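**Student:** From just these sequences and the hints, can you work out the full model?
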Amino acid sequence: MSDYEPVIGLEVHVELSTETKVFCGCPTRFGAEPNTQTCPVCLGFPGSLPVLNRKALEYGIKTALALHGTISPLIKFDRKNYFYPDLPKNYQISQYDLPLGRGGYIMVEGDTGKKKIRIHRVHLEEDTGKLIHPEASPTSLLDFNRSGIPLLEIVSEPDIRTPDEAHAYATALKANLEYLDVSDCNMEQGSLRCDTNVSVRKKGQETFGTKVEIKNLNSFRAVKLSVQYEIDRQIRQLEAGGKLVQETRLWDPAKNATFPMRSKEYAHDYRYFPEPDLVPFVLSKGEIEALRETIPELPEERMERFVKGYQLPPYDAKVLTSEKALSDYFEASVRLFSNPKQVANWVIGPVLEHAKTPEGIASFAVPPERLVELLRFLESGKITQLAAKQVLEEMVRTKEPAAAVIQRENLSQIQDTGTLEHLIQEAIRENPKTVADYHQGKENAMMYLIGQVMKKTKGSANPKKVNVLLKEKLEEAKP
Amino acid sequence: MDLFRQTAHSLIRLIQEKKSSPSEIIASLRQRIKAVDPSLHAYLSLDGELQAPESFPKGSFQGLPIGIKDNICVKGRLTTCCSKILEGFRSPYHATVVRRLLAQGVFPFGRTNMDEFAFGSSTETSCYGVTFNPWDRKRIPGGSSGGSAAAVAADEAIWALGSDTGGSIRQPASLCSVVGLKPTYGRVSRYGLVAFASSLDQIGPITKDVEDAALLLGVIAGRDEMDSTSADLPVPDYRKALKKEIRGIRLGVPKEHFEKGLDPEVEAIVRRGIDTLKQLGAEIKEVSLPHSPQAVAVYYIVAPAEASSNLARFDGVQYGYREEGEDLLSTYSLTRKRGFGKEAKRRIMLGTYALSSGYYDAYYLKALKVRTLIKQDFDRAFRNCDCLAGPVSPTAAFRLGEKLEDPLTMYLSDIYTIPANLAGIPAISIPCGFTRSGLPVGIQFLARPFAEETLFQVAYAFEQNTDFHERKPL
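Line order of the protein sequences matches chains A and B.
Take any residue in the first sequence, note its place counting from 1, add 243, and you have its number in the numbering used here.
Take any residue in the second sequence, note its place counting from 1, add 18, and you have its number in the numbering used here.
None of these hints come from the bench; they were simulated from the model.
Since the structure is predicted, the reported quantities are computational estimates derived from the model, not experimental observations.
Backbone N, C-alpha and C fix where the C-beta goes; we use that ideal spot for every residue, glycine too.
Incorrect hints may have been included.
A few chain A positions that, by computed beta-carbon distances, are all more than 10 Å from chain B [stated by the list, open to error]:
hint, residue
1, 476
2, 578
3, 678
Restraint ranges, calculated between C-beta atoms of paired labels, are given here [claimed, not checked]:
hint, chain 1, residue 1, chain 2, residue 2, range
4, B, 423, A, 433, 43 to 53 Å
5, B, 110, A, 551, 15 to 25 Å
6, A, 374, B, 20, 53 to 63 Å
7, A, 523, B, 379, 16 to 26 Å
8, A, 480, B, 106, 51 to 61 Å
9, A, 378, B, 355, 31 to 41 Å
10, A, 526, B, 387, 18 to 28 Å
11, B, 387, A, 246, 48 to 58 Å
12, B, 301, A, 325, 46 to 56 Å
13, A, 526, B, 379, 39 to 49 Å
14, A, 524, B, 352, 55 to 65 Å
15, B, 355, A, 325, 16 to 26 Å
Below are the SDA-like pairs computed for lysine to any residue, each with C-alpha atoms no more than 20 Å apart in a straight line [to be verified]:
hint, chain 1, residue 1, chain 2, residue 2
16, B, 387, A, 519
17, A, 486, A, 476
18, B, 384, A, 327
**Tutor:** What follows is the structure, given as structure tokens:
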């Protein structure tokens, strides 16, 4: 097995989050009634013509620049000709020999450590419609709402060597796109789609092995699993003396395996030629530089800043910056509460636990201001660490501010010695056997009694104070 | 007075002077169509109701009707490009030219016949049958805008719109003795013109005289946000160019347009036309367009290549004709096999071949390079000339069926018109004389990009000093 080296490349298609489609004025909103966001242009009706949406081009160029790529000064589109019902013109307006961006790289950190994965090209094209096959129906349906949504294709060089690296690349690319705010990168809604190219070769071999393309990867987990599966399958095949065929395989997430695409293999000749309906034009250096200026801080930079600026451990900084929303949440909180490590612990810990996913933070029930209120109660000693976690849970559930939860649940730390003494007396009365054990020198008995008192206070007492008072009372009660 | 015989500009005057009304004009036209169209078949259908004249803006053309070639979209109307594959298709939107016409009070009155998808020079490839030449019904009217040209020539239309990809306005105009203008590429929006070859197509006027052509171009020309290839240049008042003297204008005569293949009778007529202009003070110069003999070859790579892609959308999925097969592939192939005519299939095959991998460089790319050379020929010629003059078509109208089975000969009938499309320059055909057997012959003028005013100036001067445009076939 270890005689082989996998060679992996990724093709990522990402829908750009422009208000309108790339060649017409139709809205791009997801989830509308089928065929309500269409016009003669995106339906490919006779006589209609495309007009380029400048915003989509700008998003594309911004992305290519952020990935350290070179921008083509001549912007030109081509037609990619093939027949399929979801493609209303039976050609797709795309970019062939002059992609808007060439070259560049992303820094990723997978199981092989920090590594530069080079970008091959970035180009802009139009998305297709959606073919829907209702169950038990002989007919298929078409929804053209997606037809004409701007799509950016980002192709990596075959620099990836392990399934984990593939996962790390996809994650890093997604984070970059989110920071750039050019796409919502929602894999479930199909706004980010991923295909992988996998081949294996003997270690030390210069030439590439036979390449297999894997489609239908609906999560980054699927990217990793399918690449691993495919590597194993290819090596097994070769070891058994078999040959590999260049093919497209589909990932079946239920079976955790790839299968050859059912459809017949056509030798595709896309007959690319320059799109005559869109006039090529030159982008000035000034225009390109102006777009470069609009690139915001990217995940890599933000992580470094978190380490240096907030003195966070690199691990914390990495987790926090893995999603723009999460790092924004952290920063908004730190601005109000200047104990970065404490905030980081809370965000990476309980907050992330309640938000379920880093993406979920955007719609998290507890905004930064409210988290900070909670942290202030904790800092002032009004509540205990344990109570604070309970309060957060309630805040998520009821969407109330911390103060309201603390009051309602009576969770503020009991400072009043009288109340505590009363509860301690109660505990001593109720547990004569344990008290006797204590007086016979059993230290465990003390711990048990503290627990009983804490229970009565619903965790809202200061354990140290309970300890001191309890000791006093026990001494008094000594026979 | 027969209203149907009038030009648009004279009818507008009659309407303004309240001597006539659009409803009278329409009634007169309907009568005329009833009388002559059964033997000509220029129209496919008449688009019915007339809007009340008072509903049009003041100072506009107030309801003047116009014939529209069947490849220009009118909302709610059949737009079939005379192809079975678009059977029953009604466009959901107006072409930009139609919107502009309506805004000026010109309304689309009838759909005119054409070669299927404008593939042809004789209007014989229409799925609805041929149009006959009003001057001789045994002959073709030219094409592909044969319906528009025949309708205007036979006074069945006041004026009409055609489209010109390789001569489809000018050649039928020449063969029917009317005025036909192909504007500069980008002068008129193509939005709503069913594409044949996107880098060559232009919509243009087919009219009874030069003044009407100037008037109509003024209505339809101009930048359109819906067409990226439309030029952002102001639209002049083209009628101002009409009365300008042509004394001293430098008129180039491309020698390649008078070489073998040109019918001697046609040559003599065109040369006489050039003499007329010389007498009016034009300075005549012989010029050379050395690459123009390659124009037809280049055209028959570029145009079918673009057409093969443009026509891919006609697959029976969303609209038009559909032949249900066993599976997707057979539905595609049955629909296209039965929906497209012979010439359409020929061009789709040609274009698909020219774009195929392994052939692209040898055909398409090479054709684009020669296209550039052809453009440069014109640039050079226009350094010393203001306008070029020559024949439109190598022969007068040929007999029905004469060239239908011989595509190569058919293609050569556009040999003098194709270069203007490849170079993107404007060109006009106006009546220039008649053969001994009484068939009309046109003369073509070509000018620099966006110099339509020069064309109108020269054409108008010629028209004012000749009477060919006044002769009527019926």
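**Student:** Mind checking the hinted window 53 to 63 Å against the Cβ distance between residue 374 (chain A) and residue 20 (chain B)?
**Tutor:** Holds - the Cβ-Cβ distance for residue 374 (chain A) and residue 20 (chain B), about 58 Å, lies within 53 to 63 Å.
**Student:** Is it true that residue 301 (chain B) and residue 325 (chain A) lie within 46 to 56 Å of each other by Cβ?
**Tutor:** holds (55 Å)
**Student:** Indicate whether the distance between the beta carbons of residue 423 (chain B) and residue 433 (chain A) respects the range 43 to 53 Å.
**Tutor:** holds (52 Å)
**Student:** Does the Cβ distance between residue 480 (chain A) and residue 106 (chain B) fall inside 51 to 61 Å?
**Tutor:** holds (54 Å)
**Student:** Below or equal to 20 Å on CA atoms is what counts here, so check residue 387 (chain B) against residue 519 (chain A).
**Tutor:** Status holds; Cα separation ~15 Å.
**Student:** Does the Cβ pair residue 523 (chain A), residue 379 (chain B) satisfy 16 to 26 Å?
**Tutor:** Taking Cβ atoms as reference, residue 523 (chain A) and residue 379 (chain B) lie about 19 Å apart, which means the hint holds.
**Student:** For residue 476 (chain A), is the shortest beta carbon distance to chain B beyond 10 Å?
**Tutor:** holds (30 Å)
**Student:** Verify this label for me: residue 678 (chain A) is non-interface relative to chain B, using a Cβ-Cβ cutoff of 10 Å.
**Tutor:** It holds; residue 678 (chain A) is separated from chain B by about 85 Å at its closest Cβ, greater than 10 Å.
**Student:** Residue 526 (chain A) and residue 387 (chain B), beta-carbon distance inside 18 to 28 Å?
**Tutor:** Cβ of residue 526 (chain A) to Cβ of residue 387 (chain B): about 25 Å, so the range 18 to 28 Å holds.
**Student:** Any Cβ of chain B at or closer than 10 Å to residue 578 (chain A), or is the non-interface label fine?
**Tutor:** holds (45 Å)
**Student:** Given the hint that residue 384 (chain B) pairs with residue 327 (chain A), does the C-alpha gap stay at or below 20 Å?
**Tutor:** Violated. Residue 384 (chain B) to residue 327 (chain A) sits at ~30 Å, over the 20 Å cutoff.
**Student:** Between residue 387 (chain B) and residue 246 (chain A), is the Cβ distance one that fits in 48 to 58 Å?
**Tutor:** With Cβ atoms ~51 Å apart, the hint holds.
The earlier numbered hints that this structure contradicts are 5, 13, 14 and 18.
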